[in-house]
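S.K.: Those protein sequences? They're chains Y and S, same order as listed. Number 177 marks the last residue of the first sequence (this note's numbering); no jumps. Number 540 marks the last residue of the second sequence (this note's numbering); no jumps.
Keep in mind the hints are simulated off the structure, nothing from the lab. Mixed in with the good hints there might be a few duds.
[Claimed, not checked] Okay, the calculated bits of chain Y under chain S, using three or more residues with CB under 8 angstroms as the criterion:
| no. | stretch |
| --- | --- |
| 1 | 117-125 |
| 2 | 145-157 |
[To be verified] Heads up, simulated SDA-like pairs for lysine to any residue below, C-alpha to C-alpha not over 20 angstroms straight-line:
| no. | chain 1 | residue 1 | chain 2 | residue 2 |
| --- | --- | --- | --- | --- |
| 3 | Y | Lys-8 | Y | Val-19 |
| 4 | S | Lys-153 | S | Phe-508 |
| 5 | S | Lys-6 | S | Arg-479 |
| 6 | Y | Lys-8 | S | Ala-425 |
| 7 | Y | Lys-8 | S | Lys-154 |
| 8 | S | Lys-154 | S | Phe-504 |
| 9 | S | Lys-309 | S | Gly-324 |
| 10 | S | Lys-240 | Y | Val-3 |
| 11 | Y | Lys-8 | S | Ile-299 |
| 12 | Y | Lys-8 | S | Phe-296 |
| 13 | Y | Lys-8 | Y | Ile-18 |
| 14 | S | Lys-240 | Y | Glu-7 |
| 15 | S | Lys-6 | S | Gly-54 |
| 16 | Y | Lys-8 | S | Lys-309 |
| 17 | S | Lys-240 | S | Lys-154 |
| 18 | S | Lys-154 | S | Cys-142 |
| 19 | Y | Lys-8 | S | Phe-289 |
| 20 | Y | Lys-8 | S | Leu-491 |
| 21 | S | Lys-153 | S | Arg-479 |
| 22 | S | Lys-240 | S | Arg-80 |
| 23 | Y | Lys-8 | S | Arg-80 |
| 24 | S | Lys-240 | Y | Val-147 |
| 25 | S | Lys-240 | Y | Leu-5 |
Keep in mind the model is a prediction, meaning the values are calculated, not measured. For glycine and all other residues, C-beta sits at the position ideal for the given N, C-alpha and C.
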Amino acid sequence: MHVDLYEKIWMYAAGAIIVVFLASMGYTTLGRAMQPPSHVETIDPASVRTDEEFGRPGVTIHEDGSATVVVQAFMFAFLPLEIRVPRGRDVTFRMTSPDVIHGFQIVQTNGNTMVVPGYVSQFTTRFDTPGEYLIVCNEYCGVGHHVMSATLIVEDAPGTAGASAGIESSAATEGDR
Amino acid sequence: MIHSRKLTLANFWVAIGAFAVASGMAFMQSLSRANLDLPFRTASVYYMSVTAHGVLMALVFTTFFIMGFGYVVAERALGRPIVSRRLAWGSWWVALIGTGMAAAVILWGRATVLYTFYPPLQAHPLFYIGAALLVVGSWGWCWVMARTWMTWKKANPGVRTPLPVHGMLATIIVWVLATIGVAAEVLILLIPWSLGIVDTVDPLLARTLFWWFGHPLVYFWVLPAYVIWYTITPRIAGGKLFSDPLARLAFVMLLLLSTPVGFHHQLVDPGVQAGWKLFHTFNTQLILFPSFVTAFTVIASFEIAGRMKGARGLLNWLEELPWGDPAFSSVALAMLMFAVGGFGGAINAAYGMNAMVHNTAWIQGHFHLTVGTAVALTFMGTSYYLMPRLTGRELELSLLARIQPYLWFGGMLLFSIANHLTGLAGMPRRVYDASYGGSEIAQQWVAGTGISAVGGILLFISAACYVAVMLGTGLAGRRIDPEPIEFAEPLQGENGNAPILDRFGLWFIVAAILVIAAYAWPIFEHLRMERFGSPGFAPF
Ligand code: HEM
Ligand SMILES: [Cu+2]
Ligand SMILES: [Cu+2]
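So here's chain Y without its partners, still in its complex pose (with noise of 0.2 angstroms):
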């Protein structure tokens, strides 16, 4: 097959291009472990707001300073309304919908998930950058899709690593509904 020779030039080009957008990508996933949240795991949707843990949505400070954040992303709204995370410490988000798919969006940071019922999404970031963040459904869920959103506060910690073992914040009564 003949292949003229710019075009033969152009064709290597273009395969270097997508070698190294390939060699990028293996090396942000495989050298620095970033990856798309992928949580697996299943849970009943019919059971979320009578759940142990999705019931009574809220924030957990461990006692080396992460967080554990626990959603409940239902018709139009996210559960708890308000959550505050320390700053620079490792915060794990966790959450599920009892009823149809949402999305978890906290604007401007790279913190971004489906959220679907019958299944727990899971993923781990941090906030260098203290302040109040706006948190949005971007995912098409019926007519209330546009209100619902949440705010993120990104607080220094209280005290220093350690020692604000197991503070639970607020919001978690408003869960059983």
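Fit chain S with the ligands to the given chain Y structure using the hints.
M.R.: What follows is chain S with the ligands alone, placed relative to chain Y:
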């Protein structure tokens, strides 16, 4: 004399009708996004309209146009009428009835589930049945096309399959492999569930089957556009095709790689292991290659056209191209936008960067460049070329036709850039109102939504021009002796080059193996998990 003239026109008119309705919807949507107070503006009308726009543009306009285009291409390139015209008409009716059913329940407000129809959002059963009929109709088209080629092949042993038909056969293989996924989703999961025969459905399994279909769907649109770029546009420009075998290579690579990539739409889904996502993402990056090849070959073909008209300098061949001919300018502008869209696509499919843009307005900025312009504007340009040749009528309102591609280009530039930027700033897609109770962060998006609305108005005017030209031509164009429909000749002879690229049976099998490699194991693993289904919800 074109035997499938009526058949092609029947398909084109459905496509144009769907496009016209969907453009009206789009106009309303982009104004709504800018928070203008319009009397009919409510959230449920908005989401209904987005559903209608998505379904009519992405599924109906494209499919009918491609079916009509396929018939003329087969007949003109193979030099024989298509086989079983009866079946072809039957398929048209089935697809049309399906479209009518789906459109009716959408407008009735019983299927506001968007064109992705993710369960557990549940539409009226007629929505799913209508969609299934549209697909069944398109299968009839695949059958007629494939049989026509086989019959021709038997009568012409040893003759190379003409390039345009080669591209259409690749399209058909992509479509058959892709629609297995959506057919399984709709027939096995969604129709019984919406009829109440089963109570629950697994939303993640449905999503996986949907995206098995959803990405190759993109290549079902793009391949015919490539056929036009390779084989029709160089001819309109007055040149030759730069390289025939490389065009075939691009078609075969797209055929192989367009399906085993669907998880790149589910990069942030729970319940899918990271390894599978990574595998699909790698495949996705490989699909860039045939598109790079296409860019070179087609631009080189245009250069040949310019030089054949006497251009000598480095770039002045560009001036020799027929920019005033809408059949050319629309395609050239469409290609330009595709180049930008392609780089955006590489970003979307980058495993890590996806999380910044997933389901934001960036995505709608992106696919309005690819399907909304590269494909749609190419199809519009092609109808300026084909309509007079099919109807035997001169292009009416030709001034409108001449400015239409430029209007679209300008409108899309504003619309797309604005949506890319607001998306990067975190604005979600598919929202009726992006003010979030006056949130300060949401305020940053206001300028972008305004610019996007201006772009939307220009796009709507352009769409209206196109529809007016089509209607004018079809109903009132001056009768002329139609010119023949012809394809570009290759610069180098087409025979004797890499005959393996024509082995469609072989490529079909390889493609099927790749699909199995990409999906069989993850779906098997998925089915083995303890899973909980969801009942339906209709919050619209
Ligand atoms: C008349 C010019 C057009 C305008 C002004 C326009 C405008 C829009 C707008 C504003 C949306 C956003 C809906 C949202 O996310 O809230 C949208 C969605 C969409 N458009 Fe267009 N569009 C146009 C042409 C096209 C064309 C030609 C195609 C494809 C052939 C297309 C395919 C789509 C699809 C698939 C969606 C996604 C719907 C969804 O998210 O469910 N559009 N369009
Ligand atoms: Cu939502
Ligand atoms: Cu894709």
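S.K.: Compare the structure with each hint and give your call.
M.R.: Taking the hints in turn, this is what the structure says about them:
no., hint, result
1, 117-125, "holds (count 6)"
2, 145-157, "holds (count 4)"
3, Lys-8(Y) to Val-19(Y), "holds (16 angstroms)"
4, Lys-153(S) to Phe-508(S), "holds (17 angstroms)"
5, Lys-6(S) to Arg-479(S), "holds (16 angstroms)"
6, Lys-8(Y) to Ala-425(S), "violated (40 angstroms)"
7, Lys-8(Y) to Lys-154(S), "violated (35 angstroms)"
8, Lys-154(S) to Phe-504(S), "holds (15 angstroms)"
9, Lys-309(S) to Gly-324(S), "holds (16 angstroms)"
10, Lys-240(S) to Val-3(Y), "holds (16 angstroms)"
11, Lys-8(Y) to Ile-299(S), "holds (15 angstroms)"
12, Lys-8(Y) to Phe-296(S), "holds (10 angstroms)"
13, Lys-8(Y) to Ile-18(Y), "holds (15 angstroms)"
14, Lys-240(S) to Glu-7(Y), "holds (16 angstroms)"
15, Lys-6(S) to Gly-54(S), "violated (27 angstroms)"
16, Lys-8(Y) to Lys-309(S), "violated (26 angstroms)"
17, Lys-240(S) to Lys-154(S), "violated (29 angstroms)"
18, Lys-154(S) to Cys-142(S), "holds (18 angstroms)"
19, Lys-8(Y) to Phe-289(S), "holds (13 angstroms)"
20, Lys-8(Y) to Leu-491(S), "holds (16 angstroms)"
21, Lys-153(S) to Arg-479(S), "violated (36 angstroms)"
22, Lys-240(S) to Arg-80(S), "violated (24 angstroms)"
23, Lys-8(Y) to Arg-80(S), "violated (37 angstroms)"
24, Lys-240(S) to Val-147(Y), "violated (55 angstroms)"
25, Lys-240(S) to Leu-5(Y), "holds (18 angstroms)"
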